[in-house]
Amino acid sequence: MLANYLIGLREGLEAALIVTILIAYIVKINRRDVLPRIWIGVSLAVLLALGIGALLTYGTYGLSFTAQETIGGVLSIVATGLVTWMVFWMLRTARDLKGHLQGNIDKHLVGTGLGLVLVAFLAVGREGIETALFLWAAVQATGATTMPLLGAALGIATAIGLGALIYAGMLKINLSKFFTYTGAILIIVAAGVLSYGVHDLQEAGFLPGLHALAFNVSAAVPPDSWYGTLLKGTLNFSPATTWLEMFAWLAYAVPTLSLFIKKSRQGRTNAHPVQTAPQTPAPVPVAAH
Amino acid sequence: MLRVFRYARLLGVGVLGVTLLSGCVANNPAASNTALAVDSSATNCAVSANEAPAGSIRFSVTNSGDQVTEFYLLAADGLRIVGEAENIGPGLSRDLVVQLDAGSYFTACKPGMGGDSVGKAEFTATKTDAATTVNVDRAAQVDTANSDHASSVTN
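These protein sequences, in sequence, are chains D and W. Residue numbering for the first sequence is 1 to 289, as defined by our numbering. Residue numbering for the second sequence is 1 to 155, as defined by our numbering.
Some clues are possibly wrong.
Simulated restraints on C-beta separations [stated by the list, open to error]: (1) 103(W) with 167(D): 45 to 55 Å; (2) 79(W) with 185(D): 27 to 37 Å; (3) 66(W) with 168(D): 47 to 57 Å; (4) 209(D) with 103(W): 42 to 52 Å; (5) 75(W) with 161(D): 38 to 48 Å.
In case anyone wonders, no lab produced these hints; they're calculated from the structure. Heads up, the beta-carbon is just placed ideally off N, CA and C, and yes, glycines get one too.
The shape of chain W in the complex, shown without the other chains:
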């Protein structure tokens, strides 16, 4: 029985070790860590900002709808999943922490865990050393991007 314990413990330590080595991201909001809030409702997926400095970004996703929801951060092609927070029950919130390179991304929610995603919007990670320039045409660009990519949001 002792042997069994030792093996199982070894396995546990191994799993933990792999976990710690392979994919840890800092939870504490450091100077370079941007915290954004996402509100996932039945019909919308509102992110508190549509751009943030590249680096560690924390999306705190709150489910205000009455279905289980998922939050997706997609690459510029609108398909590849960069990050995903699953199993967010009604009334709950979950964090997705991602390390983003500068570039454009999409955010979307999927209440009900199936069918079309809702509230797909463009999200930009800006270069950290350059001064952040506010793009007045941002809204227009988002609209264009939304309609351009509307056909690919089926998953």
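In isolation and in its complexed conformation, chain D is listed as follows:
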């Protein structure tokens, strides 16, 4: 029961975190009208994952191990790109909001209709197939016992509940604080997703070095403990991390965080009314988007 509960919690946490931040942001900048786009993305991902999971469980064909890992790995890397895009999109709209350029926000949001759907879709769908396969296995077992299904459902419900709590908290803090915190958190989450994707591709045999571990703290942080689950579910922290995973994590997180800090400072000085000659923000090439 507890073990199945923790699986449900782990699979749901990261998606809940990303979708929560996205929704809180949209509400904060008074653009509730685009909320349906996020829900479309979430619903599509849930339906598609459950559908594919059912097809693979009960249908004529299953998915080979390599294919499953490859899909998981590629989706993770795409998700990293989209979350990064989301962070820098939020930065841009936040800056426009400070300068009261409402028109600019409208312009950005028009262009990002599909982007918002995709972020929500991938945040939920990335591990969706894996979660769906786990859920259908629990459904299949209900003839014998309903405990696994109940545990998994409660775990996912807890993840959504935590998301709602975080949402309530986030509405209370002001936009610039909100932005600095969530942007940094999202970049760390995205770095975790990337290194998880690398791990999937290593398991599929597309990338080498599956057994070259940079560190292994499985003894101190057991993957099936509640704290291991929380670390895995939010930051994608793997107690046994390969060198390639760690390299990918650093190669993404360090430059992206630096760029984020630099750009958000730039935005702050620009919006300051005392500044007489606001530097026009040079079109900094966005490394990742």
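Fit chain W to the given chain D structure using the hints.
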């Protein structure tokens, strides 16, 4: 909004298409499909047979322990993952279907998803056209192989 729907649907169809084209394996046990049962407990990883004809083999892994478990099918080097069934919660069972060439492999379980794997055992996919010969020394060979490879089972 309609446009958005169309794009998202396109994406969905694309993902599904890639899925279907790249890695589908038959679920229905055909004549050449061998079904094996694996029991993953806290201390053991019992496979119902230690050899099967090469081709499509289905491992139905049941978790009888109280930790989340994983089942691995490893290549002859004991390291490369040929197939893996993850996230098998207590009381649940998951299938791993693999297409195996004739050769030797290892099976192992990892209850708790970390640390050493348990019950690592040799598994052989036999040539399908040749008559299956039962090797009486199999058990001895497995023991030797187990101790030879014990040091590499740390992952």
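Evaluated hints:
no.: 1; hint: 103(W) with 167(D): 45 to 55 Å; in the structure: 53 Å, holds
no.: 2; hint: 79(W) with 185(D): 27 to 37 Å; in the structure: 36 Å, holds
no.: 3; hint: 66(W) with 168(D): 47 to 57 Å; in the structure: 35 Å, violated
no.: 4; hint: 209(D) with 103(W): 42 to 52 Å; in the structure: 23 Å, violated
no.: 5; hint: 75(W) with 161(D): 38 to 48 Å; in the structure: 43 Å, holds
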